[in-house]
Amino acid sequence: MKINKIILSFISAIALLLSTSVTSFAKVVGDKIVLGSAISLTGKYSSNGVHTQNGYNMAVDRINSMGGVKVGGKTYKFEIIYYDDESNPKRAAQLAERLISQDGVEFMLGPYSSGLTKAIAPVTEKYGVPMVEANGASRSLFTKGYKYLFAVLAPANLYLDVAIDLAVEKNGGKPVKIAQAFEQDAFSQDVRLGILEAAERTGSKIIIDDKLPKELNDMAATLAKVKAVKPDVLVVSGHTKGALTAIRQIAEMKVDVPMLAMTHCDAAKLSKQHGKNSEYALCASQWHKTLSYKDKFFGNGMKYAADFEKEFKYDPPYQAAESSAALLVFKDAFERANSFDKKKVRDALAATNMQTFYGNIKFAAGGQNVDKPMVLFQVMCNADGSKCENKVVAPTKWASAKLIHPIPSWSER
Amino acid sequence: MDFLIFQVPMLTLQATLDGILLGILFALIAYGMALQWGVMNIINIAQGDLVILGGYIAYFMYLWGIHPAWGVIVSPFIMYFVGVGIYKLVINKVVDRDLFISILATFGISILFMQLMNFAFGADVVLANSGYGTTMLFDNSVTLPNSKIFSAFISIVFAIGLVVYMKKSKLGRAIRATAQNARAAKILGVDTEKVYAATFGINAALCGVAGALISITFTIHPYMGLPYTIRSFMIVIVAGLGNLPGVAMSGMGLGVFEEFADYILGTEFRIGSVFLLLVLILVYRRFKLSRKREYLK
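Respectively, the protein sequence lines represent chains Z and G. For the first sequence, position 254 (counting from the first letter as 1) is numbered 254 according to the working numbering, and the numbering increases by one without interruption. For the second sequence, position 216 (counting from the first letter as 1) is numbered 216 according to the working numbering, and the numbering increases by one without interruption.
Each hint should be verified, as a subset may be incorrect.
Simulated restraints, written as ranges between beta carbons of each label pair [what the hints assert, rightly or not]:
1) Z:228 to G:153: 22 to 30 Å
2) Z:193 to G:115: 44 to 52 Å
3) G:67 to Z:173: 45 to 53 Å
4) Z:309 to G:70: 28 to 36 Å
Derived coverage of chain Z by chain G (criterion: at least 3 residues anywhere in the stretch with Cβ under 8 Å from a Cβ of chain G; other residues may be distant) [stated by the list, open to error]:
5) 95-109
6) 141-149
7) 247-254
For the record, the hints were derived by calculation from the structure and aren't laboratory data. From the three backbone atoms N, C-alpha and C, an ideal C-beta is built for every residue, glycine too.
Model the full structure from these sequences, guided by the hints.
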């Protein structure tokens with residue numbers, strides 16, 4: 001009898017605790033708009049997860065200090081609840097569930113990587129929770145008919161097709177021979193699809209098409225093949241490991257190609273880890289600080305980079321910039337919706353048409369940003385290789401340096 | 001396009017040389033595994049993670065401005081004590097139990113190491129630049145990075161050193177005696193506990209050497225250990241325990257096999273083909289064993 005009483009009071013105490021905690025975390029509390037995000041603070045994506053978080057935090061502080069969000073004549077401030085998803089898709093989906101059903105979050109920010117975004121999107125969709133994400137570029141995210149998913153970045157298939165166009169242009173408009181090596185994951189395979197389309201469009205031929213297992217840190221065989229068949233352009237995409245391995249082995253094996261196009265150069269700190277060996281590599285980037293986009297919160301890219309550097313002590317990679325842009329999009333949508341109704345905010349997001357320091361943002365029906373082209377930069381070093389810089393070379397509108405083509409052969413470097 | 005390797009003879013040579021150099025490195029890791037498997041009857045799933053940890057030691061030396069090649073001296077020294085530490089904490093409790101328990105225990109250590117390395121060193125892919133050049137043969141049509149040649153050379157030096165040590169030194173003799181019959185060795189005054197600890201330490205030290213070489217030749221990452229465990233497991237399975245020339249040969253064989261699988265089946269099947277080969281060999285061994293039994297009947 002006595003024990004029953006104790007159990008009963010214990011249960012009711014917990015119930016009381018739960019009920020209060022739910023209300024205290026509801027979407028809009030007092031003057032706070034609470035956003036939720038599962039993010040990779042540990043596990044294999046942790047470095048990019050931290051870039052993402054820093055980008056979010058930087059924008060939250062900036063928006064809050066510059067007057068916050070005005071809805072219905074009242075001013076609100078942003079606040080974000082983070083959970084660590086351990087770079088694990090299953091965990092990410094659980095945490096999204098928890099953020100929405102336990103913490104009462106009604107607006108979400110995306111995680112890092114296409115894989116984790118893919119895991120979370122069905123959950124946010126189920127609950128009708130609008131999610132603005134900045135780090136899931138896989139095309140498959142935008143073909144599922146999701147209504148509540150919005151991505152500020154360009155989809156993965158657009159990362160490197162510019163490079164093929166550039167190679168064709170340099171070849172006097174004639175088709176080129178392409179060698180490519182891609183890791184076997186959602187993102188890299190989407191980049192590959194983009195190349196396939198570009199090849200078809202330009203009549204170019206793909207002469208090597210290797211898929212790299214994710215455990216592999218040796219590309220010697222692929223590169224030996226490249227040496228033997230002499231393509232006009234070599235395309236490599238395999239996250240930071242792919243970029244680092246490729247540059248190391250291209251230099252060691254003295255592989256001469258007129259053009260080398262890659263992804264993840266700045267995430268891999270390519271020029272820092274490899275110095276002069278990384279020179280002339282072309283890299284796809286969502287953003288570069290020298291682009292001339294503007295907004296009233298961060299000014300422009302250069303100012304953003306300087307402020308970010310001051311706060312976090314490193315140069316912002318594009319992963320951080322796009323994450324900051326996600327908050328600007330949310331603020332804009334809340335103010336236009338003038339409401340915290342999920343449906344209304346969703347419709348306002350769908351109608352977004354704005355410029356941020358990161359680029360123009362306008363969503364297609366699938367949720368991807370169609371108003372921001374990718375840029376290509378080329379690693380350029382000074383004579384002794386002590387200092388290497390990334391210079392935008394394409395598209396011509398944003399170029400701050402002229403493309404060096406073809407890449408000088410190793411015997412002359 | 002397919003089978004490019006047979007159309008261009010130089011590629012065959014390139015693949016064979018790449019494979020042999022790579023295989024010698026694999027053989028070094030496998031040698032450590034064979035040693036400890038033979039002496040203690042423990043299959044170390046954490047082998048690859050010890051390798052990666054050794055790689056990080058060389059990488060940090062590189063960051064501090066020391067040439068990473070010194071890692072092949074420093075890394076085994078540190079890793080020896082890591083190995084002894086692991087033995088004292090975990091392995092000595094499972095060493096007399098059946099194989100399954102020890103596989104579970106080392107599997108746990110493997111996961112722990114991955115997470116700890118990720119926590120401590122971050123999830124970035126890193127490498128140490130040796131600045132060694134390239135050896136070019138046949139008018140630049142076959143290229144051998146000097147870092148790979150260096151790796152193979154150092155591996156051979158350490159392997160030979162260890163063989164001599166096992167033959168000549170007192171500890172080496174004690175280790176061999178324990179491997180043959182632990183109980184008899186104990187009766188004759190060998191401190192088997194100490195021998196086990198030293199064996200585990202030596203294995204970890206070999207992993208340290210290999211890791212330092214891998215950070216110079218390839219790239220390292222906290223989660224990249226498992227393929228090295230699998231490869232060394234396979235080499236040991238093929239060669240058999242206590243068969244050092246066998247380990248060296250099957251290591252090189254595996255290296256060449258991988259390179260050729262890459263050219264013929266495609267890069268995506270490179271690691272997959274290693275697994276396939278492992279299955280085939282196990283089936284073949286089983287088949288051979290069953291025939292033998294029938295014969296005995």
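Next on the checklist: If you test the structure against every hint from before, which numbers come out violated?
Outcome noted: 2, 5, 6
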